[in-house]
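J.: Here is how the chains run, residue by residue.
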Amino acid sequence: MEPLSLSRAEILAVLPAGFLFITGLIQLLSDLGDTSKNSRHEKTHLAMIGATGALVAFASLFVQGTLASTGELYAGAMTDDLFGRLGAGVIIVTSLFVTLMSGGYLSSSGNNKAEFHSLINFSAGAMVLLCQATNLVSIFVAIETLSLAVYVLAGFYKENKSASEGAFKYFIMGAFSSGFLLFGMALVYGLSGGSLSLSGIAASGASSDALFAVGVLLVLIGFAFKVGVVPFHSWVPDVYQGAPVLAVGWMAVAVKSASFFALCRFLYHSGGGAYLDQILVALSVVTMILGNLAALNQQSLKRMLAYSGIAHSGYLMIPVLVALSGNDLSIGASLPFYLCAYAATTLAAFGVLTALSVSTDRDNIGDLNGLAKSRPMLALGFTIALISLAGIPLTAGFIGKLMIFSDAIGAGFIQIAIIGILTSLVSVYYYLRPVVAMWFRDPRSSFDLIPAPWGVQFTVGVCGIATIFVGLFPDWLVELSRISVETILG
Amino acid sequence: MIPELESFNLPILSLVTLTPAFGALLLALIDSNSKALIRQVALMVSFLGLLFSLIMVGNFDSSVGVMQLEENHSWIESLGISYHLGVDGFSILLILLTSFTMPFVFMSTWKAVDHRVKEFHIALLLLQTGMIGAFVALDLVLFYLFYEAMLVPMYLIIGIWGGKDRVYAALKFFIYTMVGSLFMFLAILYLYNHAGTFDLPLLLERLKTTHPLDGIQQFWLFLAFALSFAIKVPLFPLHTWLPDAHVQAPTAGSVVLAGVLLKMGTYGLLRFAIPLFPDAAMDLREEFCWLAVTGIIFGACMALVQTDIKKLIAYSSVSHLGFVVLACFMTDVESLTGAILQMVNHGLSTGMLFLMIGIIYERRHTRELADYGGLASVVPVYSVFFIIAVLSSIGLPGLNGFVGEFLILFGVFRADPLWGMLAATGVVLGALYMLKMVKAFLFGPVVHEVNKEVKDLNMREIIYLSPFVVLMVWLGLYPSSFTNLVEPTLSLYVQLLQN
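Here the protein sequences come in this chain order: A and B.
Here our numbering is used: the first residue of the first sequence is 1, the next is one more, and so on.
Here our numbering is used: the first residue of the second sequence is 1, the next is one more, and so on.
No lab work stands behind these hints: they were computed from the structure.
No residue lacks a Cβ here, since even glycine has one placed at the ideal position from N, Cα and C.
Among these hints, one or two may not hold up.
Said to hold, decoys possible - Capping the alpha-carbon separation at 30 Å, the derived lysine-lysine pairs in DSBU-like fashion look like this:
hint: 1; chain 1: A; residue 1: Lys373; chain 2: B; residue 2: Lys208
hint: 2; chain 1: B; residue 1: Lys455; chain 2: B; residue 2: Lys439
hint: 3; chain 1: A; residue 1: Lys169; chain 2: A; residue 2: Lys113
hint: 4; chain 1: B; residue 1: Lys35; chain 2: B; residue 2: Lys208
hint: 5; chain 1: A; residue 1: Lys373; chain 2: B; residue 2: Lys439
hint: 6; chain 1: B; residue 1: Lys455; chain 2: A; residue 2: Lys373
hint: 7; chain 1: B; residue 1: Lys439; chain 2: B; residue 2: Lys311
hint: 8; chain 1: A; residue 1: Lys373; chain 2: B; residue 2: Lys452
hint: 9; chain 1: B; residue 1: Lys311; chain 2: B; residue 2: Lys208
hint: 10; chain 1: B; residue 1: Lys111; chain 2: B; residue 2: Lys455
hint: 11; chain 1: A; residue 1: Lys161; chain 2: A; residue 2: Lys113
hint: 12; chain 1: B; residue 1: Lys311; chain 2: B; residue 2: Lys455
Unchecked claim - Short, incomplete list of chain B residues facing chain A, as computed with Cβ under 10 Å:
hint: 13; residue: Ser32
hint: 14; residue: Trp75
hint: 15; residue: Ile76
hint: 16; residue: Ser78
hint: 17; residue: Val141
hint: 18; residue: Leu151
hint: 19; residue: Gly159
hint: 20; residue: Gly162
hint: 21; residue: Gly163
hint: 22; residue: Leu182
hint: 23; residue: Tyr190
hint: 24; residue: Tyr192
hint: 25; residue: Leu435
So here's chain A without its partners, still in its complex pose:
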């Protein structure tokens, strides 16, 4: 047997994911030694371990100093290009904030167990690998690993029936979508002459084959389940409503980002034959319209954000479509940018939801009434997040929409841009409803919000500021996205 030998690049490539996995393990072990066993304690040490691990993992992204692609590592299973590292960065930063928020949130309902913290880190590690994965097997393994962790997170409140229901639904639908994914991969593998690696698939020139296109479509459907693209979105609202807020935030930001990064990498390599364009157009249009319309009438904030998340998946399909149709990957740069902007914005929004559920355990829009009086800073943070989601200027969300629609028009997809604009208009209405409740209405009852946990305050503050900052000075992030997309094909 060959002795195991790893190159320096190979070691560096797995460092971020490795640190995250190790952090998760340490969190589990540290709880074993904890004698108090009280799930109502905040257990600050778990957050500290998690934060340290996330920071170390984040720092390790910068160790490999060059921006150029390192080529294939681990016999083509993964790569360490800038695109992957940008995705990893989004995920690690998200995990940092979720970690900081979870102690205060879980302890308030007496569920603060180390498992939650370590599952976040385990799934984060898998997501980082997913962003870097460059062959079918490693993509599938990474997806399954992260999904298993997230299934458990979704059903973390064991006593809560709707949480269990949501988690079960998520599990069934997830297993179903894995089936699609695997079947699609099998077709792609077979028709590309037995190539597992994405570059091999790209080189095989099989994309003109009709059955190959079916394979790509099935893989696309597998991912569409994960990111909630209509018509594969039906699990999203139920799972969002039942699951713990933080698990939802984690799904909304990290799972979606990782899936989009991987989908992007896959599609850029595979191409998809003549019909892929039309299918992507249809998916994107239907998702934008249905997501935004369904969000209009939601009373529950979680459900509203679930549908708004679906709608944003629709917007995110546009850059994929534009890049594929024009064979010009550089204009797909709006995808990583939009995901970064979306991450900051959505984290701020879920931070506020966390604060709300810590003190009231409710999430109706009416429960926000008068928040601007009792908690002006939280209200401000939420307002920033909402106007950024709506794409109103001076926020990161605006620049994201600007890039997406501009690229769409540049590639000749004016109809899609018009539909996108119209649906954003619809979205303004429902994003304003919480704003109205917070600023214009008086508190309905006399309940006094207990102070938000420090981790939540920190997250809302930092993410709110980041949203505005990127809205004002987006240049560096745009450039980074542009370079990163160019590294996909090496």
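Mind docking chain B on chain A? Use the hints.
T.: Structure of chain B alone, referenced to chain A:
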């Protein structure tokens, strides 16, 4: 004397634009309970803004019509967005109007707004930055940013400090404006992909030479821009948000809305929509002129039957701005000068009327005409000021309104006597509804006992109303000191249109 900027290299337009925003930041640091301090700081900041804009006028060379005091820095390089500011005859009076109005708006709210004082002043200052920024921006995205940035503070001002149906009115205002501006946004992106720049002067150049648009493109792009501005003006039949917004907004909100915000629409037509797409604008000229004339008469008729004073003034705005839109589509210097003067005049007269309605509302808490009558004998000083504002709005010779209306009607008659005649009926109707309102409001016997107790203007109120009167008389008697600033730019613009 006014300092010469060349030697200092002072970015005066940035100062005029961003001073209020920095003031808002400063306010954010003050404890929200020290209301007096907040009011003083906001007032000082707005006076500082006025000072800077006076310095700007002092450094403005009125002998040439080109862009002046330009500042051009690349901002978001990767997306081709620049921080490009400049001022010319189109914008200079409007900037001046904005920075002139704001300090007096702040003075007027000392008593009227007593809850969430800090947020209120922050919103007003941010609004000021948005308005001036939109007037000076020469990059399409930058303009769009400022244009939208006005929306959120105004929305909050109506929604938090407004009247009974404030939430409805605020939402209606927001959605209406958003509809228009999103289509404009799309058109801006289209232009960028067509000509490769967001920079207005560069874009005008390229559209004329290297990247011409064909007829269909011009048509749709013009419609997208014009829709956004027509909603803002508001042009009939897109005006329905205005009465609601005006009636529900607090006094300060109404003053800013009528005084400045509505001008964003007509300014946008003159600065962007017509010069960028001149062929489409000339093709659609008749349709727009008919809408404007309809608006003039419809607004006046609606104003005739209103019983709520604020609503009456709101409809009179629809009518008055119809004149401005009509003039925007003319191609002679006279009517265009009239258009710009009329924007300023309307800002002054309607702004002052709203301030005065706010004053009486503070005392009596009603705006129904039927609740008043005979005030002239109770509050003589108030009545004098009110009548001056009304006469200015009607267009009495010697006051500002006359000059603008005369110039517009002069130009319109030359273009098409029918439009001229119809528009002139608007002037007659204007006198009718205004004088009817004055009669019911100020004259006749005092019907209601409570009205005998109403206090006359106090010193603070006289101080912030007087500058309006001074300007009205100044503009009425000596308009050339203002039109001189405008005319060189306009003759340049007319030349361009006729080529």
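J.: Under the constraints set out in the numbered hints, which ones does this structure not fulfil?
T.: 1, 4, 5, 6, 8, 9, 21, 25
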